[in-house]
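Q: Take a look at the letters that make up each chain.
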Amino acid sequence: MSTLDYRKVSRASRWLDVRRRKLGMWAYALNRITGIGLVVYLYLHLVVLSLLLRGQAAWDFFVTVARSPYVLALDVILLAGILIHGLNGLRIAMTGFGIGVGAQKALFVAVMVVSAVTLWVATIKIFRI
Amino acid sequence: MNMVKVPLQIFRYKPGQAPRYDTFMVEIPDTSHVIDAIDTVWAIHDRSLAFRRACHHSSCGSCAIRINGVEKLPCVTRVTDVWGGHDPLRLEPLRNFPVVSDLVVDVTGLFQRMSAADMSMICEAEAFLPFTVDTFAVAGLDPKLVELPENFSRFSRFEKCIECGICVSACPTMAADEKFLGPAGLAAIHQARKKSNDPVKVEHLLGLADGEHGVWRCHSAFECTEACPQAVDPAGKIMALRRELIARRFSKMMGK
Amino acid sequence: MQNNGRLAGLLSVCDESAKKEDQNIPPHVLIIGAGSTGSATAHDLALRGLRVTVLERGEVAFGTTGRNHCLLHSGGRYCVTDQESAIECIEENMILRRIMPDLLELNDGLFVAVTEADLAFKDRFLQGCAACHIPAREISVERALAIEPFLNPKILAAVQVPDGVFEPFRFCLAFLATAQENGTIVRTYTEVTDLLCVGRNVAGVRIRDLHTGRQEDLQADLVVNAAGPWAGEIAAKAEIVVPEVPTAGVMVALDCRLNNLVLNRLNKPSDGDIIVPQRATSVIGTTSWAVENPALITIPPEHVDRMITQGQQLIPAVKKVPMRAKMAVARPLIAKSGVDARKLSRTFECFDHERDGMNGFVTITGGKTTTARAMAEKVSDMVCRKLDISAECRTRDTLLASYRLFFQRTHSRTPSSVADAGHRSYRRSIFNEHG
Amino acid sequence: MKNPFAEEPKPTSAWLWQVITGVGLVILLGLHFIANHFVAKGGLRDFKEVVAYLRNPVILFLEVLFLLCVTTHALLGVRAILLDFGLSEPAERRMDQILKTVGFLTVGYGLAVTWVVIR
Chain A
150 MSTLDYRKVS RASRWLDVRR RKLGMWAYAL NRITGIGLVV YLYLHLVVLS
200 LLLRGQAAWD FFVTVARSPY VLALDVILLA GILIHGLNGL RIAMTGFGIG
250 VGAQKALFVA VMVVSAVTLW VATIKIFRI
Chain B
-14 MNMVKVPLQI FRYKPGQAPR YDTFMVEIPD TSHVIDAIDT VWAIHDRSLA
36 FRRACHHSSC GSCAIRINGV EKLPCVTRVT DVWGGHDPLR LEPLRNFPVV
86 SDLVVDVTGL FQRMSAADMS MICEAEAFLP FTVDTFAVAG LDPKLVELPE
136 NFSRFSRFEK CIECGICVSA CPTMAADEKF LGPAGLAAIH QARKKSNDPV
186 KVEHLLGLAD GEHGVWRCHS AFECTEACPQ AVDPAGKIMA LRRELIARRF
236 SKMMGK
Chain C
1372 MQNNGRLAGL LSVCDESAKK EDQNIPPHVL IIGAGSTGSA TAHDLALRGL
1422 RVTVLERGEV AFGTTGRNHC LLHSGGRYCV TDQESAIECI EENMILRRIM
1472 PDLLELNDGL FVAVTEADLA FKDRFLQGCA ACHIPAREIS VERALAIEPF
1522 LNPKILAAVQ VPDGVFEPFR FCLAFLATAQ ENGTIVRTYT EVTDLLCVGR
1572 NVAGVRIRDL HTGRQEDLQA DLVVNAAGPW AGEIAAKAEI VVPEVPTAGV
1622 MVALDCRLNN LVLNRLNKPS DGDIIVPQRA TSVIGTTSWA VENPALITIP
1672 PEHVDRMITQ GQQLIPAVKK VPMRAKMAVA RPLIAKSGVD ARKLSRTFEC
1722 FDHERDGMNG FVTITGGKTT TARAMAEKVS DMVCRKLDIS AECRTRDTLL
1772 ASYRLFFQRT HSRTPSSVAD AGHRSYRRSI FNEHG
Chain D
5 MKNPFAEEPK PTSAWLWQVI TGVGLVILLG LHFIANHFVA KGGLRDFKEV
55 VAYLRNPVIL FLEVLFLLCV TTHALLGVRA ILLDFGLSEP AERRMDQILK
105 TVGFLTVGYG LAVTWVVIR
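Chains as they are written, first to last, in the numbering used here: chain A, 150 to 278; chain B, -14 to 241; chain C, 1372 to 1806; chain D, 5 to 123.
For the record, the hints were derived by calculation from the structure and aren't laboratory data.
All of these numbers come straight from a predicted model, not from anything done at the bench.
Every residue, glycine too, gets a C-beta built ideally from N, C-alpha and C.
Do not take every clue at face value.
[Stated by the list, open to error] Within a straight-line C-alpha distance of at most 25 Å, the following computed SDA-like cross-link-like pairs (lysine to any residue) qualify:
id, chain 1, residue 1, chain 2, residue 2
1, A, K254, D, I24
2, B, K186, C, C1721
3, A, K274, D, S17
4, C, K1639, C, R1469
5, D, K45, D, F65
6, A, K254, B, K186
7, B, K164, D, A95
8, D, K14, B, N53
9, D, K6, B, A232
10, D, K52, A, V188
11, C, K1690, B, A216
12, B, K179, D, T16
13, B, K164, B, M238
14, D, K104, A, K274
15, B, K179, D, V121
16, D, K14, B, K145
17, B, K237, D, I63
18, D, K52, A, R170
19, D, K45, A, G204
20, D, K104, A, D209
21, B, K186, D, V121
22, B, K180, C, R1469
23, B, K179, D, L103
24, B, K180, C, K1690
25, D, K6, B, V(-11)
26, B, K145, C, D1494
27, C, K1608, C, C1721
28, B, K237, D, A95
29, A, K274, A, F211
30, B, K(-10), C, Q1590
31, C, K1608, C, Q1590
32, A, K274, D, T16
33, A, K254, B, N53
34, B, K164, A, F210
35, D, K104, A, L223
36, A, K254, D, K104
37, B, K145, B, V187
[Unchecked claim] Far from chain B, by Cβ distances over 12 Å, these chain A residues were calculated:
id, residue
38, L153
39, N180
40, P218
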């Protein structure tokens, strides 16, 4: 009997489909998106560090560029990603050890609130420097 | 009894043909459940509509489908609770199963997973009512401890899990990984492990869950627990298994 | 009935059956209906070594069986009014405990007296139980209230009997999975559109596969009509009348479980006098009225209300609990002229249509899911007699296979190739409008 | 038909390592952030400061640990995403090899840069 196996339609992207799904699914999708972003950043960061190999002038030039408000704005986005991924990661680790499983949604809300507050404080600090 | 006219948009697939959606207008009492609407389509409009049903009261688990994209048991879902009153009510088969025909999916994979856990359908019941404390709270009733009758050593119960496949359909990891044991399968392993006193069997059950496609594959989206119509809490069971497996690994490392 | 115009096809069908006899292949029996009767019959005949094919237009337990009350009868319910049924029930109850131990919730049942009239019925009830060999014993009211905290505290007496609870879908799956193990082919979503008759002999059936829409003729040495309330519709295709009264009953499932044991009113069966616990629900039943079309029963709201009011007599908390589901289905009762639907016997009957002048065709109807195995035994005895086969019934002691094997065996029957047919196009397709 | 789910699979520790490195990262990244971007004047160290900073053995140890954690965590994460493409067994094995190689190269590169700087 031939069957329709429409898993193959959107196999690898199913995790992104949060339509009509609950908070836990949003947390999962958000964690992946930030995760992918951070991997990309990690390698960019490593490439940038190669400037250290080119000596003082190259690195110090980069430092000036990095202090421009545009780059600082990108830093805020980066920080947002790190906060969400990091704190949500702690939530996943906790639940994985059987801690707070019943409160996973509340934990996610807490993660987002803490992230938002920290980001706000950090943003002010970043732009004051 | 007020009658309402409800448009149903039903996923149709027959082997060898392209899938499509058919729209039917059914007239049903406003107190109907979604399964009654599907029954009406079958009885009046189209006998070739393939769907499952049996108990009509959330006990057999056969009728599970997606209603407007969300996994539900149509037998206990009132039409008025899911239908906005204008747009057609969209009925589709469960995801993450091969579709055999229309709303009927091949649940072989699910049943194999349940068999692997060797979970029996009958369990020992706690000697108190109720089955779910929450519903009792809603009704304002007290759960009471029950004295077992003289000739009883225990009460028996059917398991909470009705093997409907809703958690499998809701699970984002299940969508990607065909080999994943899945929420139902892992919850079954947990349940069988809880029932068993035999250390060899417990070891085997934990071993089943301890693989790349076992408990570690879960991405903690908690969709299974959200969707489960029987409060089985598969995600909670997966987390409990993780905890036990980690504890076991550490105690082995400590040389026990 | 098809007599003309299809002779060529039928002749080849007959040739085939003649050939089979030559090669000493066991006869082929077609069973119409995969409810409890059809499933148990398939199991029985397969054990006796026959080739069996089960045809069902929906899923297993799609009709009456699926929506039954899930009560594994002790027989107590009928021990005064219908002792024939009661004896069948207690015998089968004990057999099912042996052959499907994993599929029964065995917490017993209580018959409780709520009114003085109920109390006056108690002695007749106990005598009836004794006469039918139903192990019944009276327990004190305090004891009953201790086991069942939500039971009406005003009850006057309670009798404990070996009632139980099963789950109809898996009940059938277990029988069918075992039959499949013994070579039976189960074809669900396969509608019988016609009986193929050669002279005064049913030689096969014409079917439509509802998955593919394809029509097909199947040869049979004998056709068993186990279509429940639709048995009359099937028999009519051979111009045979089955005296059936499809009689509907309403059941109401509550949003939580209020009882441990099955609770019955200690009286003659009447509306809303039983509450069967199942999984997370308690199911109140039932009413009884004759219906025209068993495929589409509209639930009369007053019947639902009656369930709720009557249910409160047993468990007052019923009114506090929200309703989870309500369902109605037609029982295939056997008609007796001038008898009211509630009073019709719940026993079963086996019709050999040879007496209607049509050979190779039998109907099994009536009965209850609890007695499905006994019905299967009786019809299988008749089938074997008619096919001149001597084989004993072995279903009394054969442990059933796991119901979980059913879908695996059904879907792997034909080699499956996973098709992606038009998986992209379905999103764009134009919706076909109907009715 | 054999039940493909009835056999015990090979145990895996990937998830556990993901959690261990993840928790490590939260701590180390916190330190990294504070030390490099909040304590440092102007949010970034200039070349001389970087060299001086990395020559502190405690800092060096923490930064190397950070490099190991972040690489492991990132690549295990990438692996989890890749697994969702429903890879075949050989493809899975090849993926593991590739990711391991990438991991070693990344760590090697990071160590090399550090070595050149503090030399």
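Q: All hints, please: hold or fail.
A: Quick rundown of the hints versus the structure:
1. K254/A with I24/D: Distance ~23 Å between K254/A and I24/D Cα, so the pair holds.
2. K186/B with C1721/C: 47 Å, violated
3. K274/A with S17/D: Not OK: K274/A and S17/D at ~40 Å, beyond 25 Å, violated.
4. K1639/C with R1469/C: 29 Å, violated
5. K45/D with F65/D: 23 Å, holds
6. K254/A with K186/B: Violated, at roughly 34 Å.
7. K164/B with A95/D: Given that 25 Å is the threshold and the Cα spacing comes to 15 Å, the pair holds.
8. K14/D with N53/B: Status violated; Cα separation ~39 Å.
9. K6/D with A232/B: 32 Å, violated
10. K52/D with V188/A: Status violated; Cα separation ~28 Å.
11. K1690/C with A216/B: 23 Å, holds
12. K179/B with T16/D: 23 Å, holds
13. K164/B with M238/B: Outside the cut-off at roughly 29 Å; violated.
14. K104/D with K274/A: 38 Å, violated
15. K179/B with V121/D: Roughly 57 Å between the alpha carbons, so the hint for K179/B and V121/D is violated.
16. K14/D with K145/B: 30 Å, violated
17. K237/B with I63/D: 34 Å, violated
18. K52/D with R170/A: 51 Å, violated
19. K45/D with G204/A: Measuring from Cα to Cα gives roughly 20 Å; hence the hint holds.
20. K104/D with D209/A: This hinted pair is violated, its Cα atoms lying about 34 Å apart.
21. K186/B with V121/D: Not OK: K186/B and V121/D at ~57 Å, beyond 25 Å, violated.
22. K180/B with R1469/C: Within the cut-off at roughly 22 Å; holds.
23. K179/B with L103/D: It is violated: about 38 Å lies between the C-alpha atoms, which goes past 25 Å.
24. K180/B with K1690/C: Violated, at roughly 35 Å.
25. K6/D with V(-11)/B: 49 Å, violated
26. K145/B with D1494/C: Answer violated: K145/B to D1494/C is near 39 Å, above 25 Å.
27. K1608/C with C1721/C: Given pair K1608/C, C1721/C holds - Cα atoms ~18 Å apart, limit 25 Å.
28. K237/B with A95/D: Roughly 32 Å separates the two Cα atoms, so the pair is violated.
29. K274/A with F211/A: With a Cα-Cα distance of about 21 Å, the restraint between K274/A and F211/A holds, given a limit of 25 Å.
30. K(-10)/B with Q1590/C: Not satisfied, since the Cα-Cα distance of roughly 44 Å exceeds 25 Å.
31. K1608/C with Q1590/C: This hinted pair holds, its Cα atoms lying about 16 Å apart.
32. K274/A with T16/D: Since the Cα atoms of K274/A and T16/D sit roughly 43 Å apart, the hinted pair is violated (cutoff 25 Å).
33. K254/A with N53/B: Holds - the C-alpha atoms of N53/B and K254/A are around 23 Å apart, at most 25 Å.
34. K164/B with F210/A: Status violated; Cα separation ~52 Å.
35. K104/D with L223/A: 30 Å, violated
36. K254/A with K104/D: 35 Å, violated
37. K145/B with V187/B: 21 Å, holds
38. L153: 4 Å, violated
39. N180: N180/A is in fact no farther than 12 Å from some Cβ atom of chain B, at 8 Å.
40. P218: 37 Å, holds
In terms of the numbered hints stated before, the structure departs from hints 2, 3, 4, 6, 8, 9, 10, 13, 14, 15, 16, 17, 18, 20, 21, 23, 24, 25, 26, 28, 30, 32, 34, 35, 36, 38, 39, listed from lowest to highest.
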